[in-house]
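Build out the structure end to end from the sequences listed, making use of the hints.
Position 145 of the sequence shown, counted from 1, bears residue number 297 in the numbering used here, the numbering being contiguous throughout.
What the hints contain is simulated information worked out from the structure, not anything from laboratory work. Treat the numbers as computed from the prediction; the structure is a model and nothing was measured. From the three backbone atoms N, C-alpha and C, an ideal C-beta is built for every residue, glycine too. Mixed in with the good hints there might be a few duds.
[Stated by the list, open to error] Pair by pair, the computed Cβ-Cβ distance ranges are: (1) PRO154 <-> GLU306: 20 to 28 Å; (2) TYR315 <-> PRO367: 32 to 40 Å; (3) ALA384 <-> ILE266: 32 to 40 Å.
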Amino acid sequence: MPATTFLETPQGRRLAYHRSAGQGPWVVFLGGLKSDMEGTKALYLEAWAKARGRAFLRFDYSGHGESSGSFEAGCIGDWHEDALAAVGALTEGPVVLVGSSMGGWQALLLGRAIPERIKGMVTVAAAPDFTEDGYWATFTEAEKAQLEAQGFVEKHSDYMEPYVISKRMIEDGRTRLVLRDPLPLPFPVRCLQGTADTAVSTQTALRLLDHAECPDMRLTLLKDADHRFSDARCLAMIETALADILE
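Set out below in structure tokens:
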């Protein structure tokens with residue numbers, strides 16, 4: 153396994169990454185909340201890309217994996233800056249983004265920020281605006297009061313250990329929402345969603361499909377697939393969607 157390399161961002165954060173040179177467009181994997189670049193999907197796609205001589209990048213946001221910082225101090229905007237820095241410094245020319253869960257939101261933010269760089273996008277259980285629609289909207293009055301008083305609350309997850317949601321994450325998330333204003337995506341987009349996902353609902357996937365302004369956008373639902381979307385049939389579906397955009 154090649155050694156991890158690090159990128160110093162303009163904000164002073166140190167991002168861990170693995171970069172495989174090859175034929176463009178670059179495929180860039182954007183992981184989910186509290187995930188890292190050693191996950192099943194990231195490694196599968198890296199192997200897929202290497203087998204085809206395709207340029208590929210995977211990295212850890214700050215506060216994730218081997219990168220600097222703590223998760224609890226981070227927010228959507230920080231991780232957007234990380235993604236912009238990684239794509240800007242570590243890839244050249246057009247890119248195809250593969251965004252998983254929170255990485256799907258990050259992919260959409262990149263689509264809004266640098267559309268001229270993006271050839272296409274694959275989202276896997278994309279979770280746009282989840283800080284507002286998934287967290288804040290479901291907080292009890294007691295949790296909202298706790299957030300205001302101590303600056304954070306802890307939440308249970310079906311897919312990871314309990315995690316901290318900070319007031320900063322909620323407030324910053326409100327400045328990064330993509331489902332409230334026009335969302336032009338002037339490139340092909342393939343959205344994948346499992347029907348047994350308890351973290352991101354099919355309604356969220358349908359809302360994104362209906363909201364985005366895109367000339368070639370398709371949503372595929374996979375029956376009984378959960379939020380991890382990492383078994384053999386799910387990985388094959390990601391591969392097919394990525395090949396469709398690249399070819």
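Outcome of the hint check:
Here the CB-CB span from PRO154 to GLU306 is close to 36 Å, at odds with the stated 20 to 28 Å. Taken as a hint, the range 32 to 40 Å holds for the pair TYR315 and PRO367, whose Cβ atoms sit roughly 37 Å apart. Evaluation of the 32 to 40 Å hint for ALA384 and ILE266 yields a pass: the beta carbon distance comes to about 33 Å.
Consistency note: the structure conflicts with earlier hint 1 alone.
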